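Asker: Residue strings, one per chain:
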Amino acid sequence: MSYDDYLAGKPVIVTAALTGGVQGKEAHPNLPETPGEIAAAAAACEEAGASIVHLHARRDSGERAFSTERFQEVTDAVRNATDDVVIQHSTGGTGAPDALRAEPLRTDPAPEMASLDMGPLNRYDRLTSENTRATVRMLHEEMRERGIKPELEVFNDGHLNESLAIVDELDAPPYVNLIFGPGTLSVPHPRSLLTMVSHLPENAEFNVLGFSRHQLPLTTMSMVLGGHVRVGLEDNIYYRKGELAESNAQFVERAVRIADELGRPVATPARAREILSL
Amino acid sequence: MTDRCPYLDYRRKAGGQSFDAARPYCTAAEEFVQPMRADICAGRYGLDHATDCEIYLAHTDDTTVDVAGATPDGNESREVDDE
Numbered sequence: 001m002s003y004d005d006y007l008a009g010k011p012v013i014v015t016a017a018l019t020g021g022v023q024g025k026e027a028h029p030n031l032p033e034t035p036g037e038i039a040a041a042a043a044a045c046e047e048a049g050a051s052i053v054h055l056h057a058r059r060d061s062g063e064r065a066f067s068t069e070r071f072q073e074v075t076d077a078v079r080n081a082t083d084d085v086v087i088q089h090s091t092g093g094t095g096a097p098d099a100l101r102a103e104p105l106r107t108d109p110a111p112e113m114a115s116l117d118m119g120p121l122n123r124y125d126r127l128t129s130e131n132t133r134a135t136v137r138m139l140h141e142e143m144r145e146r147g148i149k150p151e152l153e154v155f156n157d158g159h160l161n162e163s164l165a166i167v168d169e170l171d172a173p174p175y176v177n178l179i180f181g182p183g184t185l186s187v188p189h190p191r192s193l194l195t196m197v198s199h200l201p202e203n204a205e206f207n208v209l210g211f212s213r214h215q216l217p218l219t220t221m222s223m224v225l226g227g228h229v230r231v232g233l234e235d236n237i238y239y240r241k242g243e244l245a246e247s248n249a250q251f252v253e254r255a256v257r258i259a260d261e262l263g264r265p266v267a268t269p270a271r272a273r274e275i276l277s278l
Numbered sequence: 001m002t003d004r005c006p007y008l009d010y011r012r013k014a015g016g017q018s019f020d021a022a023r024p025y026c027t028a029a030e031e032f033v034q035p036m037r038a039d040i041c042a043g044r045y046g047l048d049h050a051t052d053c054e055i056y057l058a059h060t061d062d063t064t065v066d067v068a069g070a071t072p073d074g075n076e077s078r079e080v081d082d083e
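Protein chains in written order, with our numbering: chain A, 1 to 278; chain B, 1 to 83.
In case anyone wonders, no lab produced these hints; they're calculated from the structure.
Quantities reported herein were computed from a predicted structural model and do not represent experimental measurements.
Please note that a few of the clues may not be correct.
What the hints assert, rightly or not - For lysine-lysine, the following DSBU-like pairs were computed, each having C-alpha atoms within a straight-line distance of at most 30 angstroms:
#, chain 1, residue 1, chain 2, residue 2
1, A, K25, A, K241
2, A, K241, B, K13
3, A, K25, B, K13
Said to hold, decoys possible - Interface residues of chain B toward chain A, partial, derived using beta-carbon atoms under 7 angstroms:
#, residue
4, A21
5, F32
6, Q34
7, M36
8, D39
9, D52
10, E54
Unchecked claim - Pairwise CB distance ranges (calculated):
#, chain 1, residue 1, chain 2, residue 2, range
11, B, L57, A, P120, 18 to 28 angstroms
12, A, E141, B, D9, 39 to 49 angstroms
13, B, Q17, A, E169, 44 to 54 angstroms
14, B, S18, A, R146, 38 to 48 angstroms
15, B, L57, A, H189, 26 to 36 angstroms
16, B, D3, A, H189, 38 to 48 angstroms
17, A, E47, B, S18, 26 to 36 angstroms
18, A, E130, B, L57, 13 to 23 angstroms
19, A, D260, B, D3, 46 to 56 angstroms
20, B, D9, A, R126, 15 to 25 angstroms
Think of the CB as a built atom: it goes at the ideal place given N, C-alpha and C, for glycine as much as any other residue.
Given these sequences and hints, build the entire structure.
Answerer: Structure representation (C-alpha cells):
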C-alpha cells in the first residue's frame with residue numbers, strides 16, 4: 001500500500017477497538033464491558049462506518065476474561081446486534097498462560113480475524129507480555145486450522161522484523177497493525193510511521209493504531225499513506241485534550257469524516273473482506 | 001494460584017464512582033483497579049502481588065504483612081507503610 005493508493009481512492013477499513021483488557025469503567029464510565037454493552041457499541045460503530053470490531057471479553061466485575069465461553073457470549077451478542085461487521089477476537093493477554101490465549105479462537109463460528117502479538121512488550125513496572133516465538137507459532141497454527149485471518153500486532157520495529165520473517169507463511173495479503181505509543185511501543189511520531197511503512201512488503205495491507213493523543217494524527221497519516229485505521233476506547237479514552245470521548249462510535253464517526261475529506265471511501269464489511277481476502 | 005493481595009477489596013462505590021457490580025478496589029492506592037492489575041491482585045495466572053505489583057511493594061513492610069494478608073500468628077493485618 002502506498003500514497004498511490006490514497007490518490008486512487010482506495011477504500012479505508014475502519015476497525016473499532018471497543019473494550020480492551022487494560023482499562024475499564026474505572027477509567028471511562030461508557031467503556032463497554034458486558035456482552036450487551038459490547039454488542040450495542042459494536043452496532044453503533046457499524047452504523048457509523050466501522051467494518052471490523054476488535055473484541056475482548058470481561059467478567060461481570062470488569063476483570064479480564066479469556067475463556068471460550070465468555071468470548072462466545074460476547075461474539076453471539078455482537079452477531080445478533082450487527083448486520084455484517086467483521087469480528088476480530090483478541091488473543092492478547094499479558095500474564096495469561098498460552099492455553100488461555102488460544103481460547104478466543106475456539107468460538108462457534110470461529111472469528112473471521114484474530115490479533116497475533118508479534119513479540120514482547122512491557123506493562124506497568126514489573127509485567128511483560130512475553131509473546132515468545134513458540135507462543136506466536138502456536139496461536140498462528142490454530143488460526144490457520146480454523147481459517148482465521150491474523151492481524152499481526154507490531155508493537156515496535158523489532159516486531160516488524162519478526163513479521164517479515166514469517167511473511168511467506170501468511171495467506172496473502174499479510175495484514176500488519178503498526179502500533180505507536182509509550183514504553184516498548186514504537187515511538188509515536190510521523191517519522192516512525194513513515195519508516196515502518198517503508199519496510200513493509202509490497203503486498204501487505206497495513207493498519208495504524210496510535211495510543212491516546214496519537215490516535216488522531218497517526219491514523220489520519222495512515223489514510224494519506226494508503227493504510228487503514230483502528231480507533232476506539234481500548235486505545236484512547238479522550239476525544240480531545242481534557243475531554244473524555246462520548247463513545248466508541250464517536251471515534252468512528254470522526255475517522256469516517258476524515259476519510260471523506262481526504263477522498264477515501266470507507267470500506268463496507270464486504271469490501272473489507274475483499275481487501276483482506278477473508 | 002498464588003494468594004490474593006491483602007489490599008484487594010471488591011466494592012460497588014468509592015471515591016465518587018459507583019458501579020452495578022462489585023469491582024476490584026485497591027485499599028492501598030484507594031482507587032478501583034484496572035483489569036490487568038486486578039489479575040495480579042487476585043493472584044491469577046501465577047501472578048503474585050508480592051513480586052509483580054509496584055503498588056503493593058511501595059506500601060508494604062514485609063515484616064508486618066505477609067502475602068496472604070495475615071501476620072504469622074494468623075491475625076489479619078492492615079499495617080501499611082503510607083510513606
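Asker: A separate judgement is required for each hint: does it hold in the structure or not?
Answerer: Cross-check of the supplied hints:
1. A:K25 / A:K241: Satisfied, since the Cα-Cα distance of roughly 19 angstroms is no more than 30 angstroms.
2. A:K241 / B:K13: 27 angstroms, holds
3. A:K25 / B:K13: 12 angstroms, holds
4. A21: 5 angstroms, holds
5. F32: 4 angstroms, holds
6. Q34: For B:Q34, the interface hint holds, since the closest Cβ of chain A sits about 6 angstroms away, which is under 7 angstroms.
7. M36: OK, holds: B:M36 within 7 angstroms of chain A, min 5 angstroms.
8. D39: 6 angstroms, holds
9. D52: Since the shortest Cβ distance to chain A is 5 angstroms, the answer is holds.
10. E54: 4 angstroms, holds
11. B:L57 / A:P120: 18 to 28 angstroms: Roughly 22 angstroms apart at Cβ, these two residues keep to the hinted range, so it holds.
12. A:E141 / B:D9: 39 to 49 angstroms: 41 angstroms, holds
13. B:Q17 / A:E169: 44 to 54 angstroms: 46 angstroms, holds
14. B:S18 / A:R146: 38 to 48 angstroms: Given a distance of about 41 angstroms, which is inside 38 to 48 angstroms, the answer is holds.
15. B:L57 / A:H189: 26 to 36 angstroms: Since the Cβ atoms of B:L57 and A:H189 sit about 33 angstroms apart, the hinted range of 26 to 36 angstroms holds.
16. B:D3 / A:H189: 38 to 48 angstroms: 43 angstroms, holds
17. A:E47 / B:S18: 26 to 36 angstroms: Between A:E47 and B:S18, where Cβ atoms are some 30 angstroms apart, the hint holds.
18. A:E130 / B:L57: 13 to 23 angstroms: 21 angstroms, holds
19. A:D260 / B:D3: 46 to 56 angstroms: Cβ of A:D260 to Cβ of B:D3: about 54 angstroms, so the range 46 to 56 angstroms holds.
20. B:D9 / A:R126: 15 to 25 angstroms: 22 angstroms, holds
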